[in-house]
Amino acid sequence: MDWIALGLSLRLGALTVLILLPVGIGLGRLLAYRSFPGKGIVEAALALPLVLPPTVVGYYLLVAFGGASPLGQAFQALFGRGLVFTFEGLLAASVLVNLPFAIQPMQRAFEAIPRDVREAASVSGMSPRQVLARIDLPLAWPGIVTGLVLAFAHTLGEFGVVLMVGGSISGETRTVAIAIYDRVQAFDNAAAALMSLTLLMLSLAALGLTYALSSRIGRRHG
Amino acid sequence: MGEGAAAGNGLSVCLRQDAPIPLDVTLACDRGEVLALVGPSGAGKSTVLRAIAGLHRAQAGRIVCGGASWFDSGAGTFVPPHRRAVGVVFQSYALFPHMTALGNVEAAMLHLPRGERRRRARELFDLVHLAGFEARRPAELSGGQQQRVAVARALAREPSVLLLDEPFSAVDKATRGKLYRELAEMRRLLAVPIVLVTHDFDEAARLADRMCLLDGGRVVQAGTPHEILARPATVEAARLVDLKNLFEGRIAAHEPGATWIDWAGRSLAVTPPRPDLAVGSAVAWAVPSTQVILHRGDAGADEEKHGNLCDGVVAEVAALSEATSIVVALGSDPGHGLAMTVPAHYARRTGLAAGTAVTIAIRPEGIHLMALGPDR
Numbered sequence: 001m002d003w004i005a006l007g008l009s010l011r012l013g014a015l016t017v018l019i020l021l022p023v024g025i026g027l028g029r030l031l032a033y034r035s036f037p038g039k040g041i042v043e044a045a046l047a048l049p050l051v052l053p054p055t056v057v058g059y060y061l062l063v064a065f066g067g068a069s070p071l072g073q074a075f076q077a078l079f080g081r082g083l084v085f086t087f088e089g090l091l092a093a094s095v096l097v098n099l100p101f102a103i104q105p106m107q108r109a110f111e112a113i114p115r116d117v118r119e120a121a122s123v124s125g126m127s128p129r130q131v132l133a134r135i136d137l138p139l140a141w142p143g144i145v146t147g148l149v150l151a152f153a154h155t156l157g158e159f160g161v162v163l164m165v166g167g168s169i170s171g172e173t174r175t176v177a178i179a180i181y182d183r184v185q186a187f188d189n190a191a192a193a194l195m196s197l198t199l200l201m202l203s204l205a206a207l208g209l210t211y212a213l214s215s216r217i218g219r220r221h222g
Numbered sequence: 223m224g225e226g227a228a229a230g231n232g233l234s235v236c237l238r239q240d241a242p243i244p245l246d247v248t249l250a251c252d253r254g255e256v257l258a259l260v261g262p263s264g265a266g267k268s269t270v271l272r273a274i275a276g277l278h279r280a281q282a283g284r285i286v287c288g289g290a291s292w293f294d295s296g297a298g299t300f301v302p303p304h305r306r307a308v309g310v311v312f313q314s315y316a317l318f319p320h321m322t323a324l325g326n327v328e329a330a331m332l333h334l335p336r337g338e339r340r341r342r343a344r345e346l347f348d349l350v351h352l353a354g355f356e357a358r359r360p361a362e363l364s365g366g367q368q369q370r371v372a373v374a375r376a377l378a379r380e381p382s383v384l385l386l387d388e389p390f391s392a393v394d395k396a397t398r399g400k401l402y403r404e405l406a407e408m409r410r411l412l413a414v415p416i417v418l419v420t421h422d423f424d425e426a427a428r429l430a431d432r433m434c435l436l437d438g439g440r441v442v443q444a445g446t447p448h449e450i451l452a453r454p455a456t457v458e459a460a461r462l463v464d465l466k467n468l469f470e471g472r473i474a475a476h477e478p479g480a481t482w483i484d485w486a487g488r489s490l491a492v493t494p495p496r497p498d499l500a501v502g503s504a505v506a507w508a509v510p511s512t513q514v515i516l517h518r519g520d521a522g523a524d525e526e527k528h529g530n531l532c533d534g535v536v537a538e539v540a541a542l543s544e545a546t547s548i549v550v551a552l553g554s555d556p557g558h559g560l561a562m563t564v565p566a567h568y569a570r571r572t573g574l575a576a577g578t579a580v581t582i583a584i585r586p587e588g589i590h591l592m593a594l595g596p597d598r
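Protein chains in written order, with the working numbering: chain A, 1 to 222; chain B, 223 to 598.
Hint data in this document are derived by calculation from the structure and do not stem from the laboratory.
We treat Cβ as the ideally placed atom computed from N, Cα and C, and that holds for glycine.
Some clues are possibly wrong.
Facing chain A, from chain B, some residues (calculated, C-beta under 10 Å) [stated by the list, open to error]:
1) 303
2) 304
3) 331
4) 333
5) 379
Model the full assembly from the supplied sequences, consistent with the hints where possible.
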């Protein structure tokens, strides 16, 4: 069992989720409540990681993060480290790849709140911030948690993008999914089996939780 | 209308826009007055209400309430809904599903100190006759009870205008009657303008002091419900209020006591005279079904007393709960049927049925004349 890889995966998942929480709520509400020109294109772009092969996403991120790109150069200049083959780069990639997993359940949950309930909150004297805190979040939280759990589970299992952007540097970019691949390559089937089982159980628990929460949303708005 | 509103106590609204639906509406409502916005679906009633609440921003216009300017397109003023002192009862009530009934009302009291909210919310529960239901969730309340919570929540804000968007459409008839009486009672306690959106003319006549008939985003007629329902200003208004017995005729003569019209070969007297309508001009005329009186074939009816006697045959009889609605055909033209109501016991006693020959009197003072365009 590669404990370093497991710890790195968990850290990557936790930080991804931490960043996606405000981003997902913000973008989820924007897409649920506003209409603007090009909204369809924005939604399609956000959903792209769901359909593209991870190697394709990874390739573009590698190009975008690389030392030759303005983004890579800016990051290098600011922090003295590159975005490619570093934990920071892996985290950035993880956030981008997980956007649809986090946003879609949140957006659906915000959309399920009847418009007149939110309007009633406004005319009852609640500011937009109070509507968020007292109406949107309490009614949409199962969707928010679902989005975060899905993103966390997907981060643990992501392979292609991690390999393209991060490689397999122990303690820096080698996640459990990569470690399993390494162990199989090294004919260490026992370690691969143990780590696979760990991932399987974590994913099963995450999905079980999301299904339980989805039925809760259905009940509340049904 | 609405003189007090202009003086800054009530509500005055002027809205104009081309899209999403065209709107050109000016209206006012005094404190303590109930103004009904009536009209067919898509007339703009709800859009006007939403604009007053701040949920819709019209392209141009002004909204002043209780002396405060909420919207003024000229000055670039637009006060967002949460800063307007409005109470809104939504058609679907729009209660907060995750809060208790009491929580719903307290949620609209953010302007009060925390400690005072509970006490004041309980007072409102007493006012709407809901004491004992404070801890229930909206899903555990009946339609009528949800409506009362919605009213309590609208009042919790201490609004300077109360907006009711078809608030009675989702409850059964028996509950509706009860809620009507309670609203009438409540408005005596409230010194704010009340704007009621409805498509039910009976409801408007029952609850409102004044009525504004809207169609296609325009005010077709404003006045008391009685004026509009009995004496619509135009044929368009008459059609919108679904006036029974609406026909077209021609002015025949003016006499000192009456104006005479020609209608389908008959002469009908109309009092008081309407010298403003030129002799020979086409007019629409209408008579409420209550102003058509039935005689049973006995030609002894005195024309002096009722006037405008016509012979006809009963074409339709429909027994309603308390009255019987009948249509009497005059002549062979099916377009010349007059609708009237007679008490149910009278219809039963006399054995009124389709095919019975009858004489009817159209009361001259019940006939309402409306000018038709010159091209008619």
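When the hints from earlier in the document are held up against this structure, which numbers fail?
none
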